[in-house]
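**Student:** Sequence:
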Amino acid sequence: MILNLQLACKHKKNLPKKSDFYHWLKAVVVHSPPEKEINIRVVDTEEMKSLNYKFCGKNRATNVLSFPFENIPGIIFPLFGDLIICRQVVELESSTQDKSLSSHWAHITIHGFLHLLGYNHIFENEAEIMQNIEVKSLIKLGYPDPYIVER
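Heads up: the sequence shown begins at 746 in this note's numbering, then just goes up one per residue.
Since the hints were made in silico from the structure, they are not lab data. Yeah, the Cβ is synthetic: ideal placement off N, Cα and C, and Gly gets one too. Just so you know, not all the hints are guaranteed correct.
Listed next, the in silico SDA-like pairs over lysine to any residue satisfying Cα-Cα at most 25 Å (straight line) [claimed, not checked]:
1) K803 <-> R786
2) K763 <-> V809
3) K799 <-> N749
4) K771 <-> V834
Distance ranges between label pairs, derived from CB positions [as the list claims (entries may be wrong)]:
5) I821 <-> D843: 39 to 49 Å
6) N804 <-> E780: 35 to 45 Å
7) I821 <-> L846: 36 to 46 Å
8) K758 <-> I820: 35 to 45 Å
9) S840 <-> N870: 28 to 38 Å
10) P813 <-> I884: 24 to 34 Å
11) K799 <-> N749: 16 to 26 Å
12) K758 <-> E871: 28 to 38 Å
13) L846 <-> K885: 13 to 23 Å
14) K757 <-> Q842: 20 to 30 Å
15) D789 <-> S847: 13 to 23 Å
16) T841 <-> I821: 35 to 45 Å
Sequences are here, hints too, so could you generate the full structure?
**Tutor:** Rendered as structure tokens:
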């Protein structure tokens, strides 16, 4: 898998490294074709709020937006898609949910990546499938179940 990482936020201190993101993604897709590509862009609140409004109609920042790539008929391009992750939202959620910053970064990255792979949580049965994959992947990485408080 090819990972392109853009750090488009003012403060880059305490951000995960490219190798961290790669490690987290590989916990979900062990046998990804080597030429498959993903773009991750870490942004500040203002950019995330703008993107969330433009693409989702929500006038607030969110933790992650996923933009799956759809091939044009007849043209094959090996791209999973783009993940946009908001640094401040991830940090705030980590603090308010009493989770380690590293585990929350891993969770949000895996969550967004599953959206790129076609998973969703609109309906309860879809959410259960997606959450089970998240939990198994995070536990495999040595992180706790992020939904333990909700269950």
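**Student:** Would you mind marking each hint as holding or not holding in the structure?
**Tutor:** Comparing the hints with the structure gives:
no.: 1; hint: K803 <-> R786; result: 19 Å, holds
no.: 2; hint: K763 <-> V809; result: 17 Å, holds
no.: 3; hint: K799 <-> N749; result: 23 Å, holds
no.: 4; hint: K771 <-> V834; result: 24 Å, holds
no.: 5; hint: I821 <-> D843: 39 to 49 Å; result: 44 Å, holds
no.: 6; hint: N804 <-> E780: 35 to 45 Å; result: 38 Å, holds
no.: 7; hint: I821 <-> L846: 36 to 46 Å; result: 38 Å, holds
no.: 8; hint: K758 <-> I820: 35 to 45 Å; result: 40 Å, holds
no.: 9; hint: S840 <-> N870: 28 to 38 Å; result: 32 Å, holds
no.: 10; hint: P813 <-> I884: 24 to 34 Å; result: 26 Å, holds
no.: 11; hint: K799 <-> N749: 16 to 26 Å; result: 21 Å, holds
no.: 12; hint: K758 <-> E871: 28 to 38 Å; result: 36 Å, holds
no.: 13; hint: L846 <-> K885: 13 to 23 Å; result: 19 Å, holds
no.: 14; hint: K757 <-> Q842: 20 to 30 Å; result: 23 Å, holds
no.: 15; hint: D789 <-> S847: 13 to 23 Å; result: 20 Å, holds
no.: 16; hint: T841 <-> I821: 35 to 45 Å; result: 43 Å, holds
Checked against the numbered hints listed earlier, the structure breaks none of them; every hint is satisfied.
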